[in-house]
Amino acid sequence: MTEYRAPLRDLRHALACFADLDGMSDFAEGVDVDTTMGFLEEAGRFMVEVLAPLNRVGDTQGSVRNDDGSVTTPDGWVEAYRQYVEAGWGAVSFDEAYGGGGFPHTVSLAIQEMMTSANMGFSLCPLLTQGAIEMLTHHGSEEQKETYLPKMVTGEWAGTMNLTEPDAGSDVGALRTRAVPVGDGTYRISGTKIFITYGDHDLSDNIIHLVLARTPDAPPGTKGISCFIVPKFVLDDDGSPGVRNDVACVSIEHKIGIHASPTCVMSFGENDGAVGYLIGEENQGMRYMFTMMNNARLSVGLSGLSLAERALQQSLTYAVERTQGRAIGAPAGASSPIIDHPDVRRMLMSMRSKVDAMRALLYLDAGAVDRADRHPEADVRVRNDELAQLLTPISKAWCTDLGVELTSTAIQIHGGMGYVEETGVAQYWRDSRITPIYEGTNGIQAMDLVMRKLPMDGGRVITRFLDDMSATVAELRRAGGPVDPLADPLEAAVAVLAETTGWLAENGMGDPAAALAGATPYLEMMGLVTGGWLSARSALAAHRALEAGTDDQDFYRAKIASASYFCTQELPRAHGLRAAVTAGAEALFALTPSQLGS
Amino acid sequence: MNVVVCVKQIPDPADPGELDPETKTLKRDSKLILDESDSYGVEMALQLVDAAGEGEVTLVSMAPNNEVGGLRTALAMGAASAVLVSDEALAGTDALGTAKVLAAAIGRTSPDLVLAATESSDGYTGTVPAQVAELLGLPSVTFAKEIAVDGGGVHVKRQTEDGYDSVECPMPCLVSVTAGVVEPRYPSFKGIMAAKSKPVDEVTVADLGIDAGSVGWAGGGQEIVGIEPAPARESGEVIEDEGDAHERIVAFLDELKVL
Ligand SMILES: Cc1cc2nc3c(=O)[nH]c(=O)nc-3n(C[C@H](O)[C@H](O)[C@H](O)COP(=O)(O)OP(=O)(O)OC[C@H]3O[C@@H](n4cnc5c(N)ncnc54)[C@H](O)[C@@H]3O)c2cc1C
Ligand SMILES: Cc1cc2nc3c(=O)[nH]c(=O)nc-3n(C[C@H](O)[C@H](O)[C@H](O)COP(=O)(O)OP(=O)(O)OC[C@H]3O[C@@H](n4cnc5c(N)ncnc54)[C@H](O)[C@@H]3O)c2cc1C
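As given, the protein sequences belong to chains A and B, one line each in that order.
Quick note, in this note's numbering, the first sequence goes up one by one and the last residue is 1489.
Quick note, in this note's numbering, the second sequence goes up one by one and the last residue is 274.
The set of hints was computed from the structure by calculation and includes no laboratory data.
With a Cα cut of at most 16 Å, we get these calculated EDC-like pairs of lysine to aspartate or glutamate:
#1 B/K46 / A/D925
#2 B/K211 / A/D925
#3 B/K46 / A/D1442
#4 B/K42 / B/E103
#5 B/K205 / A/E977
#6 B/K42 / B/D137
#7 B/K172 / B/E161
#8 B/K172 / B/E183
#9 B/K211 / A/D923
#10 B/K205 / A/E987
#11 B/K46 / A/E932
#12 B/K46 / B/D30
#13 B/K42 / B/D27
#14 B/K39 / B/E238
#15 B/K211 / A/E920
#16 B/K205 / A/E932
#17 B/K205 / A/D986
#18 B/K211 / A/E932
#19 B/K160 / B/D177
#20 B/K46 / B/D27
#21 B/K46 / A/D1443
#22 B/K160 / B/E176
Construct the entire structure; sequences and hints are all you get.
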């Protein structure tokens, strides 16, 4: 198995070009690309040296539930988590008032990218904690923040998000867990939650569960959901973990991948009810969840990139080392490295260019999230919020689908050795498979894009977005040289996206079934065209750097080549998706369930 | 207790750069990092100061181009400040020249203890620490695997071929530590933030009162007469087992005179 290398130059490029980190100094003092790279070098070293070597044992050993209900993480994890807490990498972007570093979310996302590449199973514990911290930061009372945040920001206490129940998955509104007020301001929670990531473990001194539940007279559906803090250990008067709350992990799932991340069935209130503290107001839980959705979905999208990056690194090493067959032009009798075969090159180019496109998209999205949160000017905040809203389902769904595709491509490059576990690539593919499912399935993302995001501001958000893409076409033509050939394919792809979007706008309102039927191919088209647009922008930036005489000639030439491949060979697939988007629902329902089966 | 740690900043072994055929030395244009050998000294010093409950860790480094990359790492680990000697006159400095410079820089403070690594990862003559001690008139203990401070002296477990020597030595003194004896901490996020504002005192040869002619190529007792690429590794011999493999392996090892 090849070691993971932190892709620092690529991160620098993405942070500079797409997140525009240097432009954040208006609202995040002292933040710029150079400072950030200083952190990322050290964070990367930590991920490479401490977390990456534990990825394998995480997979083979997994987390296990003991007879007494406790959960034990794989060998070496407790120590690695302790080191992670000590190094403080989880705190970078949180509020300084609670011990955070006050950095933009973009910076912590870059750290997260490397952590997930190094060890996805591990990364989920900090990721879920981050979700819980955001919820408390935005909606918790001052007292709740002071009580819980400092320890959660350091990572000494972990967090979880408890939404899913057996009958409430994609439809969170169907949840039934109950929360009954007991008169002293606290509630007693009872019910069963399933699929709870890191629902129990031995990494931290306490686990702060955030639980969605219904109060006795709550209205049905999503309007009747409230959000509660349920600590594993209820805090003593001095704020330290005290008595065990009435919450337990009753079993853990056996999964395709992320074996180290315990996916728990959680039982609340088996005995006298778990002590819970209401966050904000009753019945506002769903609204609160929405405020953190962009970040959470962006993070999951990022895991698609992380796994694809790691798989690419390993595939490249393998393709150089493995010899098989004679490549065209190689001397007779020679056994060529497989990287010399055009078909293997295609696989590697596809991986390289899609990894670049994903990274561009995700850090553009990250920059928009930060500006939406923190920019001093209201109209900049609004514009960036709209952009982030639009990009979120694309980041989540397109990048996780690509994560699965590219980790599978990595297996293909390894041939038979890819299918056996020894090389480690199989693990990336297995680990990746959850990402299109959780945090809103990719089907739900596509619906979100078509039904909620396209109509934003009367369609003006998507129109502006398409205009921005067209502006890049013009820029490519002006720049000329090696980036000029990207203009035609991008222009054509933007045109088909605009046309298809127009079709959805015209037909979607009157025939929602037709819009929903086309949602997934539409999201894919949107991903491809956005990826093509951002690859072209990456090529433009590289072209400018080369013209300015950069000393990193090699890197920037590679960026242009990668973007050219994407725009000329991958992007045209967008045209083929049009028919599926605009076909309507009829053909999908042409067969009855029994006919589908025969 | 105040501890000075000598830290060498070296080219990243993962990206070692090339030799310049003109000067016959390494092209030192890429950025330098903290020599891993010295990260043990830094960690040891931090632990000793911590145990003493007072005092500071100061870094001393000599490097070209005012390079501070490696110093920032050590500052982020927890050292309080650094002295960096950087001067064009130092190009080509040999180990004795290096020792003169380091000794002069260390002499400006009056530490209770000076730590260095047994040998650097790139030059590895392993001669600098003892020379620094001699120039400062300090006792020196080498190959330390454990150091404990007690009253006015140090107790050192000194690695030997078949165990260790237990050595006591009065302070101030210089101790060189072997690799791997402690686990160097990873710089923390807060440590990196704090390191940005920690003082790095940049000094020249003249500031140290050293005659430029006694260091660098001019003062060097060494000359590089030639450089050659390392010979490519020869491909190994493959022994196909035809029932006699064990005999052939024994013969092979015999020829190497390792049996
Ligand atoms: C490893 C793992 C970790 C998880 N971690 C957590 C966690 O920490 N916390 C938590 O609360 N949950 C967690 N989940 C749950 C996860 O978020 C849900 O599995 C996910 O939301 C899908 O719900 P479901 O499994 O009930 O699938 P379903 O909702 O039953 O979906 C089945 C299929 O139907 C489609 N579908 C459903 N509704 C619609 C619709 N209206 N229109 C079109 N298509 C639809 C879906 O896209 C999907 O393809 C985790 C799950 C797993 C497997
Ligand atoms: C050809 C050549 C060109 C050189 N050019 C330059 C130059 O342009 N500029 C320049 O500043 N130096 C220059 N040097 C000096 C060089 O960087 C070394 O410091 C010196 O040669 C020490 O040798 P060593 O690595 O074998 O030390 P060793 O004796 O193996 O080192 C043992 C320990 O001593 C300490 N130590 C050694 N060197 C240093 C140091 N430099 N700073 C702090 N602690 C140290 C460390 O703790 C180290 O682990 C040059 C050396 C050579 C041979």
